[in-house]
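Participant: Listed below are the residues making up each chain.
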Amino acid sequence: MSLEWRKRWFFIALPLLIASIFFTANFKTDISAFFIAGESAEEILLASEMQSGALSSRYILSISADNDEAVAPEFASLFKTELASIDGVIDVWSPGQSKVAVDAVQAIYSKHASHLYSRFPEQDLDDLLTVKGLQNRAAMLKKALLSPQASTVKKIAKQDPLLISLASFKSLQGQFQDILKKDRRFQNLILQTQASGLDVEQQKRIQEQIKAKFSDLNIQQQQAYTLLMTGVPVFATHTQELIQGDITRVSILSSIFITLFFIWIFRSYKTLFWTASLMAAVVSLSILVTNLMFGYVHGITLAIGSTLIGICIDYPIHALVHSQAVDAVKRTSVISRVWPSMVLGGLTTMIGYIALGFSGYPGFQQIAVYAGTGILVSLLLTRYVLPALIAKEKIAETKLTSVDTWVGFCDRYRLQLSMVVALLLGFALSGLGNLRWIDDMQQLTPELNQLKATDRIIRSRMTSSIEPGRFVLVSGPDIETVLQKAEQVYQVLDQLKEQGDLHDYFGLYPWLLSAKQQQENQQILQARLDDETTASWGKQLAEQGLSVKRLGQLNYAEAPLLELSEVLNSPVKRLIENQIVVTDQQVLIMIWLAEHQPEVLQTAFTDIENVQYFSQRDLLNSMASSYQERAQISLAIGIIVIVLLLVARYKNLWITLQTLLPAILAAIFILAGWSLTGQAVSFLHLVGFLLAVAICVDYGIFYRENRGGDISLTYQAMAASMLTSAMAFGCLVVANTSALKTLAQVVALGVILGFLLCPLIINQPRKKELQ
Amino acid sequence: MFMPIRKLILLAFCGLIFQVSAGQAGETLESVMLRMKPQTLMKIHYKETRYLELLDQPWSGSGYFYAMPDGMVKEQWYPQREIMAAKGSKMYYFDPFADVRYQGEMDGGSGIQAIAFKGLISGDLSLLQQYFKSDFKSTDNDWEIILNTSNKDLAEQISKIVISGFSAKPASKIEVLLADGDRHVFQLKKQTEGESLQNKVTQLFKELQGR
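Chains E and P supply the protein sequences, listed in that same order.
For the first sequence, counting from 1, position 441 maps to 442 in our numbering; every step adds exactly one.
For the second sequence, counting from 1, position 143 maps to 194 in our numbering; every step adds exactly one.
Read the hints as simulated data drawn from the structure, not as lab findings.
All of these numbers come straight from a predicted model, not from anything done at the bench.
No residue lacks a Cβ here, since even glycine has one placed at the ideal position from N, Cα and C.
Treat each hint with caution, since some may be false.
As the list claims (entries may be wrong) - With a cut-off of at most 25 Å between alpha-carbon atoms, the simulated DSS-like pairs for lysine-lysine come out as follows: (1) E/K143 x E/K112; (2) E/K144 x P/K203; (3) E/K144 x P/K141; (4) E/K214 x P/K203; (5) E/K331 x E/K395; (6) P/K257 x E/K155; (7) E/K652 x E/K112; (8) P/K203 x E/K81.
As the list claims (entries may be wrong) - Beyond 12 Å from chain P on every Cβ pair, some chain E residues (computed): (9) V408; (10) G427; (11) E600; (12) Q680.
Can you make the complete structure from the sequences, with help from the hints?
Facilitator: This is the structure in structure tokens:
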């Protein structure tokens, strides 16, 4: 195809590519999807539940009085009513379960009394069905009928005269009492939204309305109150704003810098336009391929991907710098001559990104695909389209001739400079032992610290003693299996409570028992309620002045067993939906824990199949540690593959080593810098490290091969590409996301060092005849 | 574990009744309602009789009501001490014998209850009339307010409330007819009024809140 036709086809295809992004690409900004995944099926399911389950659409709102006084209940009540009127809010309630529990006992549990009255039916009936036991129960019934709950008790007693359905709720009494002990300076509310917590657009609107409603009411109270809120939607909205801000800032800044730089070195708007068009094609194809492979493109992929421009532009820059030295007609041949170096450099960079994809960090797999596609497309466009675009253009000499001074300086003082580098290397290597690793994944997102602190404050105001993020996880293929397993777990937990290793726990009982236990309860109760017991009960009722006629018949007839679906269709759903996850393949039950000894609980469940003590923080940290290990392995494999590639190319170990050395030295100096400054290193640093090495190797290759024949021109091209890479990565410094800042520091510093070391390590004659 | 609608309405009405006590024959409900909200603290002796379906014999209790502008405390002394209160949007209960306390929102899943109560204690006739059909009768000798529930949710619990008293005298009787057929009758007698009762009320609230 002629150059002219290539150009035409390119400009026909480009708008189509861009248009197809608008029509097909799906962009996401949920940060947790980028950072959190799971190893086991349970962890994956939990991670997905945390991100998009029912709990994810729940807010906890906490009102506090600024003057340290109690929050007026009327204010909280009014606010609650206002909140309920917000479009998209499906429920608002105060934490505490008493009302729901009472309603549930009346509506559901009294008719299932014979199924759910106990986890230890024999033992409990032994206590109840004695003369003394029945006497106490009759007295309790009378007291209940005269209490404020009389109307409820009356309805329950008609179906369940022995009030055995209430007995199973005894364990909840402590929780209700806790509610009374709460600090009255705070009023907490739970708000459930229709939209998923990750539906940021909806959640943003709801949050604005919550704040507006609060503000309106608070003005009437002379601003006496403060509102805090937490929950997945709050984190989601914040992180989305963070990422969107980062994408905008980084993209604009890096585009401006690279454009200005490009204009400065080539002094041609047309050249800028041709190269920008190539880059537009690179980015478009990268987005389309990523979208095709993952079904969406993440915001962070775009933010990190914007640095890709800084790398992909290197190839056209090399081509343009080398083209300036020849006539227009010879440009295609000069570009084709330099191209093998570009391919090798591109391959080493791609290896870096691919290794990044294997680090296990979910979002980096996308980046690997995004960058790999970009590099490949850029190489091909540089080779086959760029010559067509610049065929008739005049290319000015670059303004980077001053870098030649550095090459000359290195030539002149090679020995001295080499000794300095050797000394620095020795110093750097000796300090590497002090390198400190980050072992807490929470430290990777300091930008969320404010939200995390608010979250902690609000949770400390909650009356429940549940320890957030720690629970016993029971899994199984179906609900019955899991409920039976959970009942075994309750026994272990009871034992731990007795030992003092656990203050309390919150399972699905008394809300639900396995069908097996329900049947057993029913059978045992039927067998024990004989005529003698009924007569004894009648006597006790009479002694209390209670109606024997209405309450004397102990008729606990068989009824259908209570099923999960019935519970979840009742108001009890609100209380237990955060403890159960049901999918077609798997069921998970989470048993929440109060204050406990983590090590003891961990050990207690080691040998029980499908049961594990689970700590969200430990999970995240173990993920961080596993990412770190993988990043180290990826780094090692990446470097080995790059070495092998260079060995295959040069068939000479010394040349290979020399080509690699600038990159390796740059890397070691960076590591030493972290070690000396005491900066803790995470797998993100390793990832940046790998990228820096992969990019720096390009410089070694270009400098070593010097295919243009003029080392001065080659170094100028390298300088231009180094500056674009450093600028593109350096712009990540303005990001608020710490992960991006880390990458910025490592890669920008790495490429600058690698570039500077090339003329020192690789000794090239200043003028080389064209081969 | 709180289902206080009967007592809630009852307590609220006690507050109402002792303000209504100044009612004269020929007065309208509106004029009585204007004086509904207590302006100061008031102590009222009561004797309560409950006629319950599940009890073979009527049950009796007695004690004092403390009515205040924004709520009510009931301190039962016989057959055993028990305290109950309604203030703002909250309900409180304390059984010293069993050392059990409850506290809950008056909306408690049924906003209608809170609304009704709020209407009663604040003398908000328009609000009350959304939920109760009121009938006010007075003769030369006595007066009577009959409240029939017009709201479906409330009607599931309360059938009718009748408050009565002799002309120019404080309210002397409240009868609450529950939807399930049970009946509570309160005989009332005003004891004293004034800010001097404040300490007692504060003390009772402290007990209710376990402070």
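Participant: Now tell me if each hint is right for this structure.
Facilitator: Verification of the hints:
In summary, the hint linking E/K143 to E/K112 is supported, as the alpha carbons are separated by about 20 Å, within the 25 Å threshold. As the CA atoms of E/K144 and P/K203 are separated by approximately 29 Å, the hinted pair breaks the 25 Å bound. In summary, the hint linking E/K144 to P/K141 is supported, as the alpha carbons are separated by about 23 Å, within the 25 Å threshold. Between E/K214 and P/K203, the direct Cα distance comes to roughly 30 Å. Violation of the 25 Å bound is thereby established for this hinted pair.
Under the criterion of a C-alpha separation no larger than 25 Å, the hint pairing E/K331 with E/K395 is consistent with the structure, at around 13 Å. Proximity of P/K257 to E/K155 is assessed by CA-CA distance (about 30 Å); at most 25 Å being required, the pair is judged violated. For the proposed pair E/K652 and E/K112, the alpha carbon gap of about 84 Å is over 25 Å, so the pair is violated. The suggested pairing of P/K203 with E/K81 holds, with an alpha-carbon distance near 23 Å, which does not exceed 25 Å.
At roughly 79 Å from the closest C-beta of chain P, the C-beta of E/V408 stays outside 12 Å, upholding its exclusion from the interface. Listed as outside the interface, E/G427 is consistent with that label: its C-beta sits roughly 71 Å from the nearest C-beta of chain P, beyond the 12 Å cut-off. For E/E600, the condition that its CB be more than 12 Å from all CB atoms of chain P holds, with the nearest at approximately 35 Å. With a cut of 12 Å on Cβ distances, E/Q680 stays outside the contact zone with chain P, its closest approach being about 51 Å.
Hints 2, 4, 6, 7 from the earlier list are contradicted by this structure; the remaining hints agree with it.
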